[in-house]
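If you read the sequences in order, they're chains L and C. The numbering used here applies: residue 1 is where the first sequence begins, and numbers increase by one. The numbering used here applies: residue 1 is where the second sequence begins, and numbers increase by one.
Hints are computed from structural coordinates only; laboratory data are not their basis. Be aware that a few hints might be false.
[As the list claims (entries may be wrong)] Computed footprint of chain L on chain C; a stretch qualifies when at least three of its residues, placed anywhere within it, have a C-beta under 8 Å from a C-beta of chain L:
id: 1; region: 37 to 46
id: 2; region: 67 to 79
[What the hints assert, rightly or not] Lysine-lysine pairs mimicking DSS-like chemistry, simulated, CA-CA at most 27 Å apart:
id: 3; chain 1: L; residue 1: LYS60; chain 2: L; residue 2: LYS77
id: 4; chain 1: L; residue 1: LYS56; chain 2: C; residue 2: LYS44
id: 5; chain 1: C; residue 1: LYS41; chain 2: L; residue 2: LYS77
id: 6; chain 1: C; residue 1: LYS44; chain 2: C; residue 2: LYS78
id: 7; chain 1: C; residue 1: LYS44; chain 2: L; residue 2: LYS49
id: 8; chain 1: L; residue 1: LYS49; chain 2: C; residue 2: LYS41
id: 9; chain 1: L; residue 1: LYS52; chain 2: C; residue 2: LYS44
Beta carbons: idealized from backbone N, C-alpha and C, even for Gly.
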Amino acid sequence: GNSVTQMEGPVTLSEEAFLTINCTYTATGYPSLFWYVQYPGEGLQLLLKATKADDKGSNKGFEATYRKETTSFHLEKGSVQVSDSAVYFCALRNTGNQFYFGTGTSLTVIP
Amino acid sequence: EAGVTQFPSHSVIEKGQTVTLRCDPISGHDNLYWYRRVMGKEIKFLLHFVKESKQDESGMPNNRFLAERTGGTYSTLKVQPAELEDSGVYFCASSQPGTNQPQHFGDGTRLSIL
Chain L
1 GNSVTQMEGP
11 VTLSEEAFLT
21 INCTYTATGY
31 PSLFWYVQYP
41 GEGLQLLLKA
51 TKADDKGSNK
61 GFEATYRKET
71 TSFHLEKGSV
81 QVSDSAVYFC
91 ALRNTGNQFY
101 FGTGTSLTVI
111 P
Chain C
1 EAGVTQFPSH
11 SVIEKGQTVT
21 LRCDPISGHD
31 NLYWYRRVMG
41 KEIKFLLHFV
51 KESKQDESGM
61 PNNRFLAERT
71 GGTYSTLKVQ
81 PAELEDSGVY
91 FCASSQPGTN
101 QPQHFGDGTR
111 LSIL
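So that you can see chain L by itself, here it is in the shape it has in the complex (with noise of 0.2 Å):
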């Protein structure tokens, strides 16, 4: 079947360290792999995506590659803002265009 695991949470912070949230997939076929982010009081809104093996989705300084080896898509920043507090959401989409979530990562960016 399909799945998604991520990193729990929730993930705090200061201002310019570095980000990693794990996410790993279970999946039938070859899926297509995404972060998505929801702020405070907003919907799902698209990071950063990957299609195939070894492809590197980045966004707002946010990247993360596609391993089919580890079957993972882990998601990294540099330097991380106060702006960047949110909640990240690991997802992988199968040949059906069904999306899997996994249960969502809290990041609070403390300054």
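Given the coordinates of chain L, assemble chain C onto it according to the supplied hints.
Okay, now just chain C, sitting in the frame of chain L:
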């Protein structure tokens, strides 16, 4: 271009009552999806419409949930009667015709059952 809009943003009802959530997709988006996030858990797929037809409703938890999309425009999700475990955030998403199109999400409706 207006995004996916959901109404209401928050609903608080008592157990046993009925609630109807509404989703207006982006104009021209044939695909419409409903998801639910129960507190602290993953966002789970509920169902998928292509225009007015239910393409996949495998995620609907039970027959207390009824989704409709008459005319292939907006969709409603009715919960009747509501139970405590139905509390959570209900997200709607839409995408253009075809497969592998990006899904655009609404802000969600927070449903609280007392």
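Results for each hint:
With a threshold of 8 Å between beta carbons, the proposed coverage of the region 37 to 46 of chain C by chain L holds, since 7 of its residues qualify and at least three are required. Given a C-beta distance limit of less than 8 Å, the hint that chain L covers the region 67 to 79 of chain C is violated, as 0 residues qualify and 3 are needed. Distance hint between L/LYS60 and L/LYS77 is fulfilled; the C-alpha atoms sit about 9 Å from each other, no more than 27 Å. For a cut-off of 27 Å, the pair hint linking L/LYS56 to C/LYS44 stands: about 26 Å separates their Cα positions.
For the hint linking C/LYS41 to L/LYS77, the alpha-carbon distance of about 24 Å falls within 27 Å, and the restraint holds. About 17 Å separates the Cα atoms of C/LYS44 and C/LYS78, which keeps this hinted pair within 27 Å; it holds. Using a Cα cut-off of 27 Å, the hinted pair C/LYS44 and L/LYS49 holds, with the two alpha carbons roughly 19 Å apart. About 22 Å separates the Cα atoms of L/LYS49 and C/LYS41, which keeps this hinted pair within 27 Å; it holds.
For the proposed pair L/LYS52 and C/LYS44, the alpha carbon gap of about 23 Å is at most 27 Å, so the pair holds.
Of the numbered hints listed earlier, the single one contradicted by the structure is hint 2.
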